[in-house]
Amino acid sequence: MHASFSQKKQQARVDSLQAEVDKLQNIVGADVDAEKLVSKHIKLLHQYNEAKDATQILIGRLAALKQTTIRQIHEDLGLTNED
Numbered sequence: 162m163h164a165s166f167s168q169k170k171q172q173a174r175v176d177s178l179q180a181e182v183d184k185l186q187n188i189v190g191a192d193v194d195a196e197k198l199v200s201k202h203i204k205l206l207h208q209y210n211e212a213k214d215a216t217q218i219l220i221g222r223l224a225a226l227k228q229t230t231i232r233q234i235h236e237d238l239g240l241t242n243e244d
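Each number in the numbering used here comes from the position in the sequence shown (counting from 1) with 161 added on.
Hint data in this document are derived by calculation from the structure and do not stem from the laboratory. Wrong hints could be hidden among the right ones.
[To be verified] Result set (PhoX-like, lysine-lysine): computed pairs, CA atoms no more than 25 Å apart in a straight line:
{"hint": "1", "residue 1": "K213", "residue 2": "K227"}
{"hint": "2", "residue 1": "K184", "residue 2": "K169"}
{"hint": "3", "residue 1": "K184", "residue 2": "K197"}
{"hint": "4", "residue 1": "K201", "residue 2": "K213"}
{"hint": "5", "residue 1": "K184", "residue 2": "K170"}
[Said to hold, decoys possible] Computed spacing ranges between beta-carbons, pair by pair:
{"hint": "6", "residue 1": "L219", "residue 2": "D176", "range": "47 to 53 Å"}
{"hint": "7", "residue 1": "D194", "residue 2": "K170", "range": "31 to 37 Å"}
{"hint": "8", "residue 1": "K169", "residue 2": "D192", "range": "30 to 36 Å"}
{"hint": "9", "residue 1": "E181", "residue 2": "T229", "range": "45 to 51 Å"}
{"hint": "10", "residue 1": "Q186", "residue 2": "T229", "range": "46 to 52 Å"}
Ideal placement from N, C-alpha and C gives every residue a C-beta, glycine not left out.
Working from the sequences, and respecting the hints, build out all of it.
Below is the structure:
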């Protein structure tokens, strides 16, 4: 079953999406390759996640050495749930 939209509504949606694409293209720059930008972003996310995982391993080991909880180490270091 397909939702029925009038031609006018469809064109308005296409125009809205194109305006959003144009706005984003202006932000990142006209000469920027979107695939390269996404690839770089994914690479940076992987690096961030690896660093965060390594940090959590160290925090876990520190908690074991101090015979306390990981949560307590987070509090001692001033780390929030968003960190």
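Status of the hints after comparison with the structure:
As the CA atoms of K213 and K227 are separated by approximately 21 Å, the hinted pair is consistent with the 25 Å bound. Between K184 and K169 the CA atoms are separated by roughly 22 Å; this keeps the pair inside 25 Å, and the hint holds. Of the supplied pair hints, the one linking K184 and K197 holds, its CA atoms being roughly 19 Å apart against a limit of 25 Å. Between K201 and K213 the alpha-carbon distance is near 18 Å, which keeps this suggested pair within the 25 Å criterion.
Distance restraint check for K184 and K170: the Cα-Cα separation of roughly 21 Å lies within the 25 Å cut-off, and the hinted pair is therefore satisfied. Taking the beta carbon of each, L219 and D176 are about 52 Å apart, inside 47 to 53 Å as hinted. A beta carbon spacing of about 33 Å between D194 and K170 agrees with the range 31 to 37 Å that was offered as a hint. Remark: the range hint 30 to 36 Å for K169 to D192 is upheld by a beta-carbon distance near 35 Å.
With their beta carbons about 49 Å apart, E181 and T229 fall inside the hinted range of 45 to 51 Å. Restraint check, Q186 to T229: a C-beta distance of roughly 51 Å satisfies the suggested window 46 to 52 Å.
Taken one by one, the earlier hints all hold for this structure without exception.
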